[in-house]
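*Asks:* Residues per chain are reported as follows:
Number of protein chains: 2
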Amino acid sequence: MIRLNEHYAKLQASYLFVEIARRVADHAATNPARPLIKLGIGDVTRPLPPSVITAFHEGVEEQGNAANFRGYGPEQGYDFLREAIAKADFAARGCPISANDIFVSDGAKCDTGNFQELFAPDTRVAVPDPVYPVYVDTNVMAGRTGAAVDGRYEGLTYMEGTEANGFVPSPKDLGSQGAEVVYLCFPNNPTGATATKEQLAEWVDWANAQGSLILFDAAYEAFVTNPELPKSIYEIPGADRCAVEFRSFSKTAGFTGTRCAYTVVPSAIEIDGIKLRDMWNRRHSTKFNGVSYPVQKAAAAVYSPEGQKETGDLIAYYLENARIIRAAMEKVGYSCWGGENSPYVWVKTGESSWDTFDTLLKKADVVITPGSGFGRMGEGFIRISAFNDKERVEEAVERIITALS
Amino acid sequence: MIRLNEHYAKLQASYLFVEIARRVADHAATNPARPLIKLGIGDVTRPLPPSVITAFHEGVEEQGNAANFRGYGPEQGYDFLREAIAKADFAARGCPISANDIFVSDGAKCDTGNFQELFAPDTRVAVPDPVYPVYVDTNVMAGRTGAAVDGRYEGLTYMEGTEANGFVPSPKDLGSQGAEVVYLCFPNNPTGATATKEQLAEWVDWANAQGSLILFDAAYEAFVTNPELPKSIYEIPGADRCAVEFRSFSKTAGFTGTRCAYTVVPSAIEIDGIKLRDMWNRRHSTKFNGVSYPVQKAAAAVYSPEGQKETGDLIAYYLENARIIRAAMEKVGYSCWGGENSPYVWVKTGESSWDTFDTLLKKADVVITPGSGFGRMGEGFIRISAFNDKERVEEAVERIITALS
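Those protein sequence lines, which keep their order, are chains A and B. Here the first sequence is numbered in the working numbering, starting from 1 and rising by one per residue. Here the second sequence is numbered in the working numbering, starting from 1001 and rising by one per residue.
Read the hints as simulated data drawn from the structure, not as lab findings. Keep in mind that this is a model prediction, so the values were computed, not measured. By construction, the Cβ of each residue, glycine as well, lies at the ideal position given by its N, Cα and C atoms. Some clues are possibly wrong.
To give an idea of the interface, some chain B residues facing chain A are shown, with a C-beta separation under 10 Å as derived from the structure [as the list claims (entries may be wrong)]:
#	residue
1	ALA1028
2	THR1030
3	PHE1056
4	ASP1122
5	SER1176
6	ALA1327
7	GLU1330
So, partial list: chain B residues that the calculated Cβ filter (under 8 Å) puts toward chain A [said to hold, decoys possible]:
#	residue
8	ILE1053
9	ALA1066
10	THR1138
11	MET1141
12	GLU1180
13	VAL1224
14	GLU1270
15	ILE1274
16	ARG1277
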């Protein structure tokens, strides 16, 4: 008699986006007046840049004729892409990362979700709160937690992001229980907070001292424009001995529907004499078969001079939206985080996140994300996404100001 | 101190293709005479069909302009593709499968590897021998086996494929230990064997009686041309209550480098009151973010009248290669399986698989796959793949006949 993985039963219903969809549908059914403006989900709206489209077409064309056709590619990604990544994203910033450490994949969500497979089932894991739910849910599925009590899973350590620490937890926030694996995300989803080099150095030194590992989600690094801020954790000395980094073309170049990302597992990380890179390589090549060749060709175009210019413009476009949103919310009188070096604005409304959600939905026909959906520490906050067309963002903030003033 | 998943240490080195590559490289370095002909790996060589290329380009073009741009799609795949699949691959053959049961993914390798996550860690698993290594390795990684002894993992049940059963094991081959999850693959990789409706019905009846689950890998179903043979396990009554089916566009339409596949989890499968479909949906949407939109658009073109004609021609092309290979090997005097309704020819050479490999490499400059690489029962056999250009296949068999005669 087949028996199921019992840990799935512990998972809380993915109530956040289901509940948002339900309330939006109800509202739309009874209030067919103004079109809704969605600043909720973190999905891009601008098309792929021209140089990326050109390369994408070329890749498709090659698949259509026998002379250039490519079947199975290397599971780790084509060298042309891995080398472009290593050069532009790491060597150019002085990071000791080689093409051999880079694993191209179809999404940072997949990689951040799958990476925990490499660790013992009773590994002590710490996550931030507020948190991107994938870090938590995948550890629940793997049996590293107990039941959910008041929205938190037993056995998982939650590092609290607060106004006091600017939503950047430090190793002190782990408490006495410590952790063997720590998930960090900067620029942060959902708070938009960024970590300084000093703050990341504290984490790197802690991890190297403890023999712990940092899983560093840098999916939003492209939004870092302040030259003082690190884009990669490998800008911190010693990080190549204790940190895995996740990157994505989703937000950098508009690939949310096109699918390409990569994970960096430095060869310098050794545990019990085993290179973590080789373990991930085994996992990646056993359970994955490489990214679509035309998609990899499109991703490589991001690193061409035109691609760099065009994606830079794309990022600037969304950052201007973020600036507009943050300025508006501050005008209403709210404290804000993010929206600089990040596409997300994190707003303290001082009332229940869902109440603010309902107010903005009903009075402004604007959809945002209630902060409590990202964890207990998100209660009293909302996340507003800059991923939309500028005209809609401008209209949305006008509506919000009217609704809340 | 970080601790690793200890089960990875049990994995045998993926010696098969590494060892093949080493011997091929050695040979090529010392014998730069004739170009090698590779009939080893199961990778297609013909380009994507014209109708698929046209749709692929259209999808790329849509991603390049704001009016049609698509960001995150449904993790399960777009309805246009799921509905085309449900209609053509299942409804047309009388199978009770709806679009809602279909999960589009980037590869059958990924899905056959990931599906075991849904089951208890001590689930009793049975695999065929010879076997596609992914079924085995992913269960080893998940801790469902003991150590490898003489090439077999303790705790795993191996169902032996032999000349006597035509490489189609039956539930009797499970022995007294039984199994809760059974992997089956027809047309088979590597033996090319096909299962009749009666043979599959025996499995379905067994699974429903035991409350066990069949993971049915039908990646090669497109090669079934005999109308008496089932293409899907859902052609067997009751299979929708006990079987998950894996399908791929890789071999059907040349997508090995383009990446699109799908898995069918019928809503009728319930375990302890939980729909297996809903569990897979949770896994799929937590750890996966959908297939590239232009790729899904390209896959949907396979179901257009032109796409059906063109992919039919593609399959016929490879099947003609398979016929040529099988005829040649029989001419040499060997017993063969497969090569009909399958792109693989399984040849009994009566000597060590690696000896035959070396002979063909050295005397014919042809690369095949030694059967022992697929398990103990593959010793004494070789697998020859029909995935190459017809001219090369013709030359390869001439060389093989000369070398072995």
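*Asks:* Now tell me, hint by hint, if it's right for this structure.
*Replies:* Status of each hint after checking the structure:
1. ALA1028: violated (19 Å)
2. THR1030: violated (26 Å)
3. PHE1056: Holds, about 5 Å.
4. ASP1122: Check passed: Cβ of B:ASP1122 comes within 8 Å of chain A, closer than 10 Å.
5. SER1176: violated (16 Å)
6. ALA1327: Violated - the Cβ of B:ALA1327 stays beyond 10 Å from chain A, reaching only about 25 Å at its closest.
7. GLU1330: violated (28 Å)
8. ILE1053: At about 4 Å, which falls below the 8 Å cut-off, the nearest Cβ of chain A leaves the hint on B:ILE1053 intact, so it holds.
9. ALA1066: holds (5 Å)
10. THR1138: Since the shortest Cβ distance to chain A is 6 Å, the answer is holds.
11. MET1141: At about 7 Å, which falls below the 8 Å cut-off, the nearest Cβ of chain A leaves the hint on B:MET1141 intact, so it holds.
12. GLU1180: holds (5 Å)
13. VAL1224: B:VAL1224 check fails; min Cβ-Cβ to chain A is 22 Å, beyond 8 Å.
14. GLU1270: violated (11 Å)
15. ILE1274: holds (6 Å)
16. ARG1277: At 13 Å from the nearest chain A Cβ, B:ARG1277 fails the 8 Å test, so the hint is violated.
When the structure is compared with the earlier hints, violations turn up for hints 1, 2, 5, 6, 7, 13, 14, 16 and for no others.
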